Amino acid sequence: MRITLTLSAVALLIGLSSFIAGGQIPATKSATKSATVAGVQPADKSGGPITEDQKVKPAENSRSAPQVTPERSADEAAIRQADEAFVKAYGEGDAKAIAALFTPDAEYVDEAGNLFQGREAIEQTLVEFFSENPDCQLEMTIDSIRFVSPGIAIEDGSTILTHPELPDTIASRYTTIYVKSEGKWLAASVRDYAPKDRRQHRLQLEQLDWLLGDWVDEAEDSVITFSCQSVDNGNFLLRQFTILIGGEEVMSGTQRIGWDPLTGKLRTWIFDSEGSYGEGSWHRDGDRWILKCTGVMPDGQTASSTSIYTSINSHTMTWQLVDHEIAGVQQPDSEIYSIVRQAPPPAPLVSDQQE
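Plus 46 on top of the position in the sequence shown (first one is 1) and you've got our numbering.
Have a look at the derived ranges for each label pair, beta carbon to beta carbon: (1) Thr340 <-> Thr364: 15 to 25 angstroms; (2) Gln127 <-> Gly332: 29 to 39 angstroms; (3) Pro307 <-> Pro392: 38 to 48 angstroms; (4) Asp306 <-> Glu266: 35 to 45 angstroms; (5) Gln347 <-> Ser177: 42 to 52 angstroms; (6) Asn160 <-> Glu130: 18 to 28 angstroms; (7) Gln347 <-> Val194: 57 to 67 angstroms; (8) Glu178 <-> Ala373: 44 to 54 angstroms; (9) Glu264 <-> Gln127: 51 to 61 angstroms; (10) Gly259 <-> Ser119: 50 to 60 angstroms; (11) Arg192 <-> Thr364: 42 to 52 angstroms; (12) Pro116 <-> Gly332: 43 to 53 angstroms.
Okay, derived cross-link-like pairs now, PhoX-like style, lysine-lysine, Cα gap no bigger than 25 angstroms in a straight line: (13) Lys226 <-> Lys142; (14) Lys226 <-> Lys134; (15) Lys311 <-> Lys338; (16) Lys134 <-> Lys230; (17) Lys230 <-> Lys142.
In short, the hints are calculated from the structure, not lab data. Keep in mind that this is a model prediction, so the values were computed, not measured. Positions of the beta carbon are idealized from the N, C-alpha and C atoms, including for glycine.
Taking the hints into account, I'd like the entire structure generated from these sequences.
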């Protein structure tokens with residue numbers, strides 16, 4: 047028997063398959079991430095539209111420092127040329143050309159806090175993004191370039207990403223640290239930020255986009271199914287689950303996942319057909335996502351648990367329940383469950399007469 051936990055306990059952990067990502071980055075989600083990757087981001091400081099003369103052009107559009115030495119002017123012009131090369135390569139979907147603008151050990155941190163370490167990792171995430179989002183275009187505005195030493199400069203600015211399949215543009219801000227290596231200015235660190243006046247609910251939830259669809263965990267005596275869809279203008283994910291034992295439905299419920307701007311965390315709220323309810327928060331640990339959850343059983347007993355979700359591939363994840371307590375009594379850790387994406391139903395056959 048695999049159903050060794052009480053059904054109410056299973057419902058509480060339903061976190062039980064709220065697996066949020068481990069690195070899968072679908073198209074719409076990657077749009078923002080890749081857009082900012084090399085110090086590239088949108089919108090002016092006020093969040094208003096960018097005028098034609100603000101858009102990144104060669105050095106004559108400098109909004110940074112006043113009069114400087116000829117050498118400093120040449121360095122600033124070189125940095126601006128690197129930015130122009132980035133925008134050009136981005137429009138052409140050339141991940142290799144963009145990666146060449148970074149130092150070998152460069153780092154890139156996207157708006158969601160995901161870290162990509164090294165030129166190869168940055169190139170790979172761009173390859174994936176351009177594959178899923180062809181024909182993206184980028185506009186960049188440089189706010190300032192500050193030289194903190196003869197070979198180090200800090201650039202702040204913004205970018206606007208447009209894509210034929212996106213109804214709106216995506217605006218972001220960035221900070222890039224440039225270093226001069228063998229006479230060439232390369233990006234050593236890039237960090238992206240969402241504009242202060244931009245809501246991050248949909249952006250943060252994009253980390254879980256891979257969860258969308260139908261999933262199943264089948265055993266000899268039980269079947270647990272999950273379906274996940276984006277609701278409320280993309281501000282929440284709604285997951286529905288059903289537990290069947292011996293072909294009979296014994297429990298169902300819902301889980302809603304959303305971004306909490308007060309705590310800066312992804313939160314989850316769970317309700318089941320037995321009357322249990324719970325809530326919890328997520329944090330990422332490498333390729334795993336950890337859900338710490340507390341709740342109340344139908345009989346009023348309190349419960350708590352930690353769920354560990356690990357991505358195996360785009361069609362498979364594993365889940366395990368640990369640190370599980372009911373009414374203060376420690377419960378044994380669960381086995382590791384495999385949950386797979388359900389195949390679409392076969393298309394109906396068309397008879398010769400219908401043809």
